[in-house]
Amino acid sequence: MALLEVRDLTVVFQRRGEQPFTAVDGVSFDVEPGQTVGLVGESGCGKSVTSLAIMGLLPKRGATVTGSVKFEDTDLLRLSGNQMRDRRGRDLGMVFQDPLSSLNPVITIGVQVAEVLERHQGMSRKKALTEAAGLLDKVGIPDPNRRISEYPHQLSGGMRQRALIAMALACKPRLLIADEPTTALDVTIQAQILSLLKGLVQDTGTALIMITHDLGVVAGLCDEVNVLYGGRVVERAERHELFAEPRHPYTHGLLASIPRLDAPRGERLMPITGSVSDNIPWDSACAFAPRCPNALDVCREVTPEQEWRGSRLLRCHNPVQPAAAETEEASV
Amino acid sequence: MALGATKKDRIDALAKSSVDDSGVSLAASAWRRLRRNPVFLVGLGITLLFVLVAAISPLIAPHDPSARDLIDQVVKARNEIPPAQPGHPLGGDLQGRDFFSRLLVGSQQTLMVGVLATLFGLTGGLVLGTLAGAIGGWVDSLVMRIVDVMLSIPSLLLAFSIGALFAHPNQFTVIIAVATVQIPIFARLLRGSMLAQRGSDHVLAARSLGVKPGQIVFRHMVPNSLGPVIVQSTLVLATSIIDAAALSFLGLGNPNDAIPEWGQMLGTSQEVLDSHPALSFWPAACIIIVALGFTLMGESLRDALDPKNRR
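For the record, the sequence lines run as chains W and A.
So in the UniProt record's numbering the end of the first sequence lands on 332, straight run, no missing numbers.
So in the UniProt record's numbering the end of the second sequence lands on 311, straight run, no missing numbers.
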């Protein structure tokens with residue numbers, strides 16, 4: 001049974017005097033215990049809003065969340081504010097993008113980690129601080145007993161992100177959501193943080209939702225990948241399948257636009273033309289159609305439905321054909 | 001109500017200046033710049049001198065400020081007041097008391113009124129601002145409308161009106177009157193920076209860990225919102241001193257003139273302004289210099305803490 005079942009999750013933002021904006025439009029996916037699932041897409045595709053909706057962190061006023069988020073048979077969207085607060089930090093953890101601004105600048109690292117333990121495990125401050133030092137040690141912060149009495153600005157960017165991971169994992173949640181955890185870090189640190197996350201979720205059996213725009217992160221970490229575009233899942237596949245044979249033109253474009261070390265000198269990168277602002281509503285078309293090299297007339301007239309193509313889920317009228325033609329797929 | 005509008009805008013701009021997402025070394029970098037800022041050093045010097053004088057004035061004052069040593073030199077009919085003489089560098093006042101000693105000891109009252117009024121104003125403003133910023137919704141609307149009404153009344157007029165409400169004015173009623181004027185400023189300031197904190201990443205991160213709302217407000221939002229409030233406090237010290245002096249000048253202060261106070265000295269001296277201008281000059285100069293000291297310090301502190309000015 002899945003640990004987390006997201007069904008038809010829809011988030012609509014109401015702005016006074018403006019058209020309501022659908023940021024997430026019927027997203028469904030499962031996360032199995034211990035599995036790492038990627039949510040990939042460019043800025044504004046709804047990946048962060050999806051994670052905030054799962055955590056129940058969207059503002060009550062202005063954002064309407066519908067659908068269901070089943071976590072071990074409890075629908076998180078039906079929980080009261082207090083019930084959800086008890087779960088956050090204990091059953092569900094989250095790591096954010098910018099480690100500096102996500103830490104309280106006026107409180108020491110130790111107290112911030114201890115705060116979670118005091119809150120959910122009823123520890124005394126003293127015991128929680130000892131435990132906090134152990135947690136910092138576990139996430140690879142050297143000299144943790146000195147670090148617990150330091151302030152966020154005294155730590156390096158990588159160490160701050162390690163501290164945030166320690167906070168999120170302090171109470172051993174069964175699900176961790178990492179929202180672009182490496183975006184604000186430089187490349188060498190990114191690799192360290194990713195391997196730390198990978199190791200921690202493997203050791204503890206924590207399921208991980210990895211939110212990123214970086215396909216390199218996905219390739220190194222995720223078991224299953226959901227590609228989001230305009231608030232909908234356009235392609236879902238197992239990692240190797242996705243990278244070997246991207247079928248949706250958007251996924252294909254994303255992969256083609258990554259510079260490769262083994263590419264011949266002077267080869268040009270292939271950007272996806274246009275930007276998110278070119279999107280058309282999903283109501284009666286494919287939102288990606290204006291930017292899509294494969295677009296047909298039907299793409300601008302009929303909303304593509306999610307369909308299973310073998311083991312992958314695809315939302316496209318005219319997917320990219322794999323190099324080796326697969327006859328069994330033509331019949332689907 | 002153009003005046004009220006600019007006042008509000010200034011408060012809001014100050015509140016926004018606290019939104020600093022690049023961390024705390026702000027304090028260190030601010031101090032580095034302050035140390036080399038002559039304006040700040042002058043303000044700090046004046047302030048320290050003033051506090052020092054207030055602290056030791058009873059010891060260094062050459063005479064008892066309430067003893068009428070020179071009363072035999074006062075001739076009301078001929079408008080004669082003791083002139084400067086050996087032992088009495090500034091002469092005596094209308095009651096024959098040593099004017100220099102009264103100036104020195106007067107700093108105590110001025111400092112006390114300034115600090116206490118600022119403290120009370122700060123406390124009131126913190127309570128209201130925290131309520132409005134933390135709870136939001138209709139509580140926020142209600143508190144902020146009251147605050148706006150208070151801000152729309154010129155501050156000195158408001159202080160007079162409150163001071164005049166008390167049948168028996170004394171030093172304490174002056175403090176209350178001056179403090180009340182400062183409450184809306186602090187409230188609006190704190191609420192502004194609390195709102196900015198509410199949307200900040202570290203508050204979101206704290207919420208994602210299930211931290212309880214009360215703890216989020218008092219451990220995560222309020223401490224991070226205090227920066228502009230501290231700056232405002234230094235500036236308010238200056239206005240409190242001026243407002244308190246103005247109240248005693250107009251007779252709404254402590255009627256007991258045994259304890260010297262600059263505003264009150266100025267008020268009694270104005271009767272003889274044309275014949276003995278020096279008696280008005282000295283307390284006025286003291287008030288201006290001290291207020292200037294606090295203002296210079298506060299303004300340069302505000303500039304130094306403004307993240308936009310960081311290098």
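One thing to keep in mind: the hints can contain errors.
What the hints assert, rightly or not - The calculated DSS-like cross-link candidates involving lysine-lysine, where the alpha carbons are at most 25 Å apart (straight line), are:
| id | chain 1 | residue 1 | chain 2 | residue 2 |
| --- | --- | --- | --- | --- |
| 1 | W | K70 | A | K212 |
| 2 | A | K212 | W | K127 |
| 3 | W | K138 | W | K127 |
| 4 | W | K60 | A | K7 |
| 5 | W | K126 | A | K7 |
Stated by the list, open to error - Some but not every residue of chain A turned toward chain W, in silico, with C-beta under 10 Å:
| id | residue |
| --- | --- |
| 6 | S152 |
| 7 | P154 |
| 8 | A196 |
| 9 | H202 |
In case anyone wonders, no lab produced these hints; they're calculated from the structure.
We treat Cβ as the ideally placed atom computed from N, Cα and C, and that holds for glycine.
These are the hints, each one checked on the structure:
| no. | hint | result |
| --- | --- | --- |
| 1 | K70(W) <-> K212(A) | holds, 23 Å |
| 2 | K212(A) <-> K127(W) | holds, 20 Å |
| 3 | K138(W) <-> K127(W) | holds, 17 Å |
| 4 | K60(W) <-> K7(A) | violated, 33 Å |
| 5 | K126(W) <-> K7(A) | violated, 47 Å |
| 6 | S152 | violated, 26 Å |
| 7 | P154 | violated, 34 Å |
| 8 | A196 | violated, 12 Å |
| 9 | H202 | holds, 5 Å |
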